[in-house]
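**Q** This is what each chain is made of:
Number of protein chains: 2
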Amino acid sequence: MTPSSAAQLEPSTQTREPRRRTPRGHVDVADLVDRAQAGDPRAVARLISLVEDASPSLREVAERLSPHTGHAQIVGITGAPGVGKSTSTSGLVTALRTAGKRVGVLAVDPSSPFSGGALLGDRVRMQEHATDKDVYIRSMASRGHLGGLAWSTPQALRVLDAAGCDVVLIETVGVGQSEVEIAGLADTTVVLLAPGMGDGIQAAKAGILEIGDVYVVNKADRDGAHQVVRELRSMLSLGALPGAWRAPIVTTVAQTGEGIDDVVAAIERHRDMLDDTGQLTSRRRSRARDEIEAIALAQLRQRFADLHGHADLDVLAADVVNGSLDSYTAADRLLAAL
Amino acid sequence: MTPSSAAQLEPSTQTREPRRRTPRGHVDVADLVDRAQAGDPRAVARLISLVEDASPSLREVAERLSPHTGHAQIVGITGAPGVGKSTSTSGLVTALRTAGKRVGVLAVDPSSPFSGGALLGDRVRMQEHATDKDVYIRSMASRGHLGGLAWSTPQALRVLDAAGCDVVLIETVGVGQSEVEIAGLADTTVVLLAPGMGDGIQAAKAGILEIGDVYVVNKADRDGAHQVVRELRSMLSLGALPGAWRAPIVTTVAQTGEGIDDVVAAIERHRDMLDDTGQLTSRRRSRARDEIEAIALAQLRQRFADLHGHADLDVLAADVVNGSLDSYTAADRLLAAL
Chain A
1 MTPSSAAQLE PSTQTREPRR RTPRGHVDVA DLVDRAQAGD PRAVARLISL VEDASPSLRE
61 VAERLSPHTG HAQIVGITGA PGVGKSTSTS GLVTALRTAG KRVGVLAVDP SSPFSGGALL
121 GDRVRMQEHA TDKDVYIRSM ASRGHLGGLA WSTPQALRVL DAAGCDVVLI ETVGVGQSEV
181 EIAGLADTTV VLLAPGMGDG IQAAKAGILE IGDVYVVNKA DRDGAHQVVR ELRSMLSLGA
241 LPGAWRAPIV TTVAQTGEGI DDVVAAIERH RDMLDDTGQL TSRRRSRARD EIEAIALAQL
301 RQRFADLHGH ADLDVLAADV VNGSLDSYTA ADRLLAAL
Chain B
1 MTPSSAAQLE PSTQTREPRR RTPRGHVDVA DLVDRAQAGD PRAVARLISL VEDASPSLRE
61 VAERLSPHTG HAQIVGITGA PGVGKSTSTS GLVTALRTAG KRVGVLAVDP SSPFSGGALL
121 GDRVRMQEHA TDKDVYIRSM ASRGHLGGLA WSTPQALRVL DAAGCDVVLI ETVGVGQSEV
181 EIAGLADTTV VLLAPGMGDG IQAAKAGILE IGDVYVVNKA DRDGAHQVVR ELRSMLSLGA
241 LPGAWRAPIV TTVAQTGEGI DDVVAAIERH RDMLDDTGQL TSRRRSRARD EIEAIALAQL
301 RQRFADLHGH ADLDVLAADV VNGSLDSYTA ADRLLAAL
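Keeping their order, the protein sequence lines are chains A and B.
Using this note's numbering, the letters of the first sequence correspond one by one to residues 1 to 338.
Using this note's numbering, the letters of the second sequence correspond one by one to residues 1 to 338.
Treat the hints with care, as some may be off.
[Said to hold, decoys possible] Simulated DEER-style distance windows between Cβ atoms:
hint : chain 1 : residue 1 : chain 2 : residue 2 : range
1    : A       : A54       : B       : G309      : 22 to 32 Å
2    : B       : A305      : A       : D306      : 21 to 31 Å
3    : A       : S282      : B       : G309      : 37 to 47 Å
4    : B       : A337      : A       : T281      : 22 to 32 Å
5    : B       : R269      : A       : W245      : 50 to 60 Å
6    : B       : R97       : A       : Q255      : 47 to 57 Å
7    : B       : R233      : A       : S237      : 53 to 63 Å
8    : B       : G243      : A       : R97       : 52 to 62 Å
9    : B       : L338      : A       : D262      : 48 to 58 Å
10   : B       : G323      : A       : W245      : 40 to 50 Å
11   : B       : Q302      : A       : D223      : 28 to 38 Å
12   : B       : P56       : A       : Q227      : 46 to 56 Å
No wet-lab data here; the hints were simulated from the structure.
Note that beta-carbon positions come from the ideal geometry of N, C-alpha and C, so glycine has one too.
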């Protein structure tokens, strides 16, 4: 274990060490998984790269990781740009480490075709954790390949899980849809807000109130923070069901670390609730369903693309455009040719 | 044709006239399509309801509409909440009618499980067109059923197309992903911006710069409008390719109608370019491909949900969660059982 283990979890495009391969040119996945379980950050990095690149070894990676997963609590961190997501994530890492937890951080940039570059800002903030051998930090682009986030991110989370992380924080760079997708990958979703974000809570309303398990109003030392808390409380109370988890609202100043311990406590309470009520398993099963389906559908799309002749998608599409075929009949032909 | 034809294109949940059915309880789709082609707004409304409800007649509707489609230019109107989308849409309807065009308006609310209600604001603004027999206005919820927008909206557009519209404006209520989806349905995408929208152009950057064929800076009489135009111009010039369509930037004050004619002119120039270069056909084929695939995949998901025993998705998901199966092998079993 080198003193700068976390810093070495960099994208495969910048791999410094020669890739370890068996004599036949195959990656020795079993060895990588063993080393990852033993805490070797380079093995962790390599496995994530294999997943991210959808390498031919992907299936073997998935198969060998599978028995070693299920321990880590996956915590999604979402929020609009400017709310202080990466500062908060860094603060959470510090607090979790103080509590003796092994921590993984997966930063996903769905809008970038590149790993690493776009996340430089985050990684700089993460430098303070770079010498901590019990912190794995990894940025990842979703590459736009089939299935996007749904395809590669769950496997990357499993790598960090199998490597013994107690908590994996997953955060997105960017806006929109990805926030909801992150919630679909996490056991616990933390939604960050901050005062002075333009439309603020109004804009955040769309979707975000349904996905939060813990709400954090960051930059609580600024004007308008109380207003955000008040609005949030009233909006959350509208949809509250008796007996259900009531998402707490925590105020923080991530820059100084104020309130971060309260966020960690809220995350732990949520995990306890999930455990006690059996919701952890039901949430994970629901996610696994979605993931299996996404993989199956991506493979079917690949088969569609390989069809020729009568069921060639381009031929069918041309007929739909010229009005000689409707799209449902076209879909029937596609399915019949599978 | 009643004097308030447009106003009658309301959601099926509020249908006032008894549904026309043949003696056997089947909808007479052929008759509806004939009447829609002849300009009967009630037949248009009924056909859109059949599509939106994914009624058993959906396939027959698609089949019978198919030969009568391809004439209308589909124009997507996108932009963040508050930029003046519905006022601009209403202004465009007026300008297009003045130019003698038949116009359809489809307002989609992907976040709402209900048709109509959430769009009341828009519909009030649209009241001035309610007595115009050559304007069809319809709001539509995507209902969250399989495939969402991808499933029902293209068919609704075909209804308006078959009914003889020269231009169909399609607009979404709400934020995020749906904007990009709308672009995927349109021949021409108009992106609206306005000064003073918080993060403004920065927030809009994500995705929106790739989808616009025409950019409109609305509320051009307000402070900061020039700044928005300047930033937009510089950002668009970064990605500009020689010879390709250079998306024009038009300034408007939709409240007063200022600049709306310029938007119409830009939309027409874009249509001419699409025609001249063959891009109209290639764009439409690409959309038809996506649509056929979406329908086929939605049907496959339905089949997945119907599988039992060994390939039951719930059983597979439980095994993935307990670590006895990986998600790729689970997907293989699902596909094998199809």
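**Q** For a quick check of understanding: which of the numbered hints are violated here, in increasing order?
**A** Numbers 3, 7, 10, 11, in rising order.
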